[in-house]
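**Student:** Each chain is listed here by its residues.
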Amino acid sequence: MLQIYCPHCQELRSEEEFSCGGEAHIARPLAPETLTDEEWGDYLFFRKNPRGIHHEMWYHVTGCRRYFNATRNTVTYEILETYKVGTQPSIVGEGV
Amino acid sequence: MKQLNRLPNAGRTNPDQNINFTFNGKAYQGVMGDTLASALLANGVDVVGRSFKYSRPRGIVGHGAEEPNGIIQLGSGAATVPNLKVTQVELYEGLEASSVNGWPTINFDLMGIMGWFGRLMPPGFYYKTFMYPQKLWMTYEHFIRKAAGLGKTPVEADPDVYDKLNQHCDVLVVGAGPAGLVAAREAAEAGARVIIADEQSEFGGSLLASTQILNGVSASQWVADMVEQLKRYNNVQQLPRSTVFGYYDHNFLTILEKRTDHLGLSAGKGQRVRQRLHRVRAKQVVLATGAFERPLVFAHNDIPGVMQASSVSTYVNRYGVAPGSKLILATTNDNAYQTAIDWHTAGRDVVAVVDSRQSPNGELVEQVRALGIQIAVGHGVIEAKGGKRVRAAMVAPLNESGSAITGEVKRLPCDLIATSGGWSAAIHLSSHTGAKPVWDESIVSFRPGDSKQQECSVGACNGTFGLRDGLIEGATAGAKAAQLAGFGLGAVQFSPVELVELTQEPQQALFLVPHSRPPSRAPSQFVDLQLDVSAGGIELAVREGFESVEHVKRYTALGFGTDQGKLGNINGMAILANALNQSISETGTTIFRPSYTPTTFGAIAGRDVGELFDPERYTSAHRWHVEQGAKFEDVGQWKRPWYFPKVNETLDQAVNRECLAVRNSVGILDASTLGKIDIQGPDAAEFITRMYTNSYLKLAAGKCRYGVMLKEDGMIFDDGVCACLSENHYLMFTTTGGAAGVLAWLELWQQTEWPELQVYFTSVTDHWATATVTGPNARKVVAKVCQDIDLTPDQFGFMDWRDGTVAGVAARVFRISFTGELSFEINVPANYGRYVWEALIEAGKEFDITPYGTETMHVLRAEKGFIIVGQDTDGSMTPADMNMDWIVGKNKAFSFIGQRSLSRSDTLRDNRKQLVGLKTIDPNIVLPEGAQIVSDPKQPIPMSMQGHVTSSYYSANMGHSIALAVVKGGLNRLGDTVYCPAADGATVPAQIVSSVFYDPKGERQNV
Ligand SMILES: [Zn+2]
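Residue numbers (numbering that gives the first Met the number 0), protein chains in the order written: chain A, 0 to 95; chain B, 0 to 1006.
FYI, nobody ran anything at the bench for these hints, they're computed from the structure. Ideal Cβ placement from N, Cα and C applies to all residues, glycine included. There is no bait here: all hints are sound.
With the C-beta cut set under 10 Å, the calculated list includes, among others, these residues of chain B facing chain A: (1) E746; (2) W748; (3) F760.
With a straight-line Cα cutoff of 25 Å, these simulated BS3-like cross-link-like pairs (lysine-lysine) come out: (4) K889(B) / K697(B); (5) K47(A) / K710(B); (6) K268(B) / K163(B); (7) K47(A) / K451(B).
Here are the simulated distance ranges between beta carbons: (8) N727(B) / T75(A): 41 to 49 Å; (9) L79(A) / R231(B): 36 to 44 Å; (10) N727(B) / K83(A): 24 to 32 Å; (11) N48(A) / P980(B): 36 to 44 Å.
Please model the complete structure; the sequences and the hints are all you need to start from.
**Tutor:** Following this line, the structure appears as structure tokens:
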């Protein structure tokens, strides 16, 4: 069971207080109606699913009910950082 | 009955305290301090079970978690426990145990005599059987379970109580052998909060059976002193009888503490906790889990009387039991010579030591020589002889590598063969962390690999097999772990333990003792005793093309038993490597996963059973419903009235009566469970409009609007009414089950995509109690208890809401309807819920107001063709599929969530499944929900599925059954006849009709 640092509560809390929201940093297209089916499909369905460094949303659902982002290694399950929505990760990397 | 094998030296048992027990119905006596294994051995019980596949007689081999054969059922009745190892059951007065595998009896085994069972089950049996023919598996499985026996689960409820403890500590030490004890002491001295856990009844590990002198005192005295020292620290928690069975992410470990098992079944009498699950988050972990002795694999090495050398020493030294009289010790190393000394000291006969090495001369070897014991160097035991007990060992000279027999085979009579092939580090917990074990040729063992967790391994589980080195490693690690957790400077505080350790010569790596015949033709050389996997079986798997160790494991079932291959797994890997012409390093090992040893469901469940299994939510009128004899239905965690039967009424009768009452007079429904989200802020209307398919920008205060929410893929996700309470203030209703998900959904979009929108959400579901009064007489009922709202239709119309008082309580009254009848949804603060409910019941008496439940609610809305999200939709349905195009705003400025997906080529397909009504030709047949729909009942299988039934009821108002269904292109097929094949082979014809059965113009709600 993971231990996750909530950047809003500023505390390490147990995974059971959180739910995972999938890949982070996917901006909603500003004008969806102008997109082709393929472009819209990319936004809708395609995710990186890397082996290694992954930026993903977490939701402190039974805590402060705020979303934030985490940089997690999908191989070792290390959480390398958590940061607020609207900010950028300090750790970036390709899948290993 | 006399304990033939009991020694005058009692070891750590108390010979003055006799304990009576039975095994397979026969009475025996043991002594205080015995395990069931030591007591059975003391009584000369050779056969404790039958093997899984070949049904061969099997005896006790080990003394701990590695025991593969002595698997028993403890007791009977509700508290019976299956599949315990005799080596891990502490003896108590009145204990009753029986073998799990042995049918009809362990000594006369029908299957063994028939002898065909093994031939039916070659390696890969499960897979070959699973693949083809599948039907036969059911037959086999029944027979296998009965014949081989996997224990019996109790059928009654568990009478015991269990609990869970969430704990944090600075340093968790796993294992209280020598390395663990000193590690705990150093960490404690540094000031760290320490938990030290050990699976055995007492701390000490290998020292409990050791003749070693430490700091000038006996090993057991040293252990006792250490335990006393640790007790003096109030920052140390000692957990004996506690197995750390799982090591999970971020240093989260689980410990199963057995608190009353050693006192008897249900000794806690349902009061004291039987077992406790510790869920520990540790800053640092020190693994000191020791090692398992590796057996030597040779022909018929499964005959009772073949044991682990260290186990023989343990029974002699710790339990005062000599499991035989004439010992042959087969070894590849110096270490095991101690067993010969122990046996000799116990006054028993050592026939010979058979050492595979050509010229062993270590200090222990010389001690054995000095005792006059015969040592056959460069020899191996290649086969055991005997039936239900070893009678002789076949001994042969081996070449230097131990791979071939070089001379004449001799028969040496004996009744006990102790074997040692060296030691394998217990790397299980390290392996749980994802660390990849590393093979170390110099110690002939895997070592723990690098781990991402905050842990280290010390002592034997780290491949450090010497006692002195293990103690140094343990102390160093304890101090270091404390420092890493923020305590002390990392320096060892206590002086090193003084001891004299004999020097040892290198061991020989020997995993399979050769036979005169190759493994495929030799008598079975067992690698996994519990599942009857032999060296020949592993080689066969290789011949059949398996190369990966993980595949071979699954194909042969090597290590799949309740012992998880703790005994012979490494031998198996080595035999596989040899068959593949690879090194062990190249072959690798299988991954160990939790649980380390079997764990009871009771402990995992803890207190979360029965009514505490899941929280239950009640509406404020719940007690009234109970008093009226309502039957309840679970909707999420809510208990909702399902229907209100009168005396002797069936479900159907009650629902028919309730349905008719609503349409002919008035009914009342407890709708408090509907999700309610209070939404405020200057951008509330804009935000809500982005979430629903229709617009709320022009919704005035006092007005309500029905909305459908889509996911971004265009599929319906929730629906409900949203009311404008005042400017910038809205109340959103959600489905009962969808409430939490909708709130999370709103927060997701506001927080991550549109933080610039000023809007705030508060769940107010529990703040309000809702009573829906519905039916042609609804207005007359409400008028009796509500004087300050003008209820006339032109003042308070359909889809309006008003503030006022109902029965003197401040209320919000909504004219929204899920029945299609004139309806008032009366919301009052939850604490007044029952009071207002009863006032409405009282007011409705003259109209025979009828309380109804969810079943009637479902029927009434189906008569109107109103969908239930999650029942008529399944996450793949668009509004158009539901024939609800009217709900989608066509001219919204902002592209609402899901809008773009409604014009994807796939969502525009004209043969999508669409919501229609079904009317069975026979009006009394109610189609089963979920029934498949076909166009041609005579079409050969596989038939073309046209859709399925989503809702289906008998409608008393219509006088016939009704159903909602989704049918491919259904909206263009009104009038067609389709067919629903039933499970009994019949087909039910039905006509496709409009999904609105009742009041198609919607006039009744709008009065
Ligand atoms: Zn938080």
